[in-house]
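Trainee: One letter stands for each residue in the lines below.
Number of protein chains: 2
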Amino acid sequence: MLEPFDDAYYMKRALQEANMAYEKNEVPVGAVIVVGDRIIARAHNLTELLNDVTAHAEMQAITAASNFLGGKYLNECTMYVTLEPCQMCAGALYWSQIKRVVFGAIDEQRGCGIMGTKLHPKTEIIGGILKEECSELIKRFFIEKRNLN
Amino acid sequence: MLEPFDDAYYMKRALQEANMAYEKNEVPVGAVIVVGDRIIARAHNLTELLNDVTAHAEMQAITAASNFLGGKYLNECTMYVTLEPCQMCAGALYWSQIKRVVFGAIDEQRGCGIMGTKLHPKTEIIGGILKEECSELIKRFFIEKRNLN
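Heads up: the protein sequence lines correspond to chains G and S, in order.
Position 5, counted from 1, in the first sequence is what UniProt numbering calls 5; the numbers after and before it change by one each time, with no gaps.
Position 53, counted from 1, in the second sequence is what UniProt numbering calls 53; the numbers after and before it change by one each time, with no gaps.
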């Protein structure tokens, strides 16, 4: 059973966003940003629809959260994202000074871990929350893509 | 004398953008993106005005160039930027598969070189074009900031 307001609870919300990306034929990654018990931003990958490599879920969520808060620092916030952030998104999270980053599936090829991207010293990062569900959705997307081509 | 259409020519255009940031009390960094002999995107840092850490000159220029081209890959393009890109911007340039990145001043603390951020294998990067002018503007900005506080 899911406890409200634990990491799995918010990762489920990020997974809902990832599913919205999936339905739009986008690489299915979703993110939410939480402060206290409240979700203040939600976004999913839109790189194809917007023709824009910068339109990752995390980037849009950071912009939306900053808009909501009226300030560019997210040092009281936690981001939940279904896939480990890439260099670009980890670099943006560095600037945001976010308090916590919680990701689902590990990206062994382009994740910030393997790439050595630095987060802010104040940022805590943990991975693997609902990792099977997060990675299963991405795998399904790429298998279907391959079968269509 | 400036030859039209050499690297210094386009860096001067990026410096014009940096000056626009300076006038808005933003860290003065500017960028243009060129394809063939044509500037297809120009942008300057707007992180303060937009309250958004993702609003670096390079990020906005990538989005604008993709809009102009109607596609997300910039593999025929060169970016001119007055300061060495950070992790976030280099990460975005990685995804864009841009052909060339030409920067002015070196960022010895947070530049992609010292941070070890990876660009796409097809991307050529060179630095130091008009570096004195590019770094002088940034230094002036921070000295004035310090004197005001």
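Check each hint, because a few of them may be wrong.
In silico lysine to aspartate or glutamate, DMTMM-like type, Cα no more than 25 Å apart, as pairs [said to hold, decoys possible]:
| id | chain 1 | residue 1 | chain 2 | residue 2 |
| --- | --- | --- | --- | --- |
| 1 | G | 99 | S | 23 |
| 2 | S | 122 | G | 107 |
| 3 | S | 122 | G | 108 |
Read the hints as simulated data drawn from the structure, not as lab findings.
Trainee: Please go over all the hints and tell whether each is borne out by the structure.
Mentor: Going through the hints against the structure:
no.	hint	verdict
1	G:99 / S:23	violated (32 Å)
2	S:122 / G:107	holds (22 Å)
3	S:122 / G:108	holds (21 Å)
Taken one by one, the earlier hints fail for this structure only at number 1.
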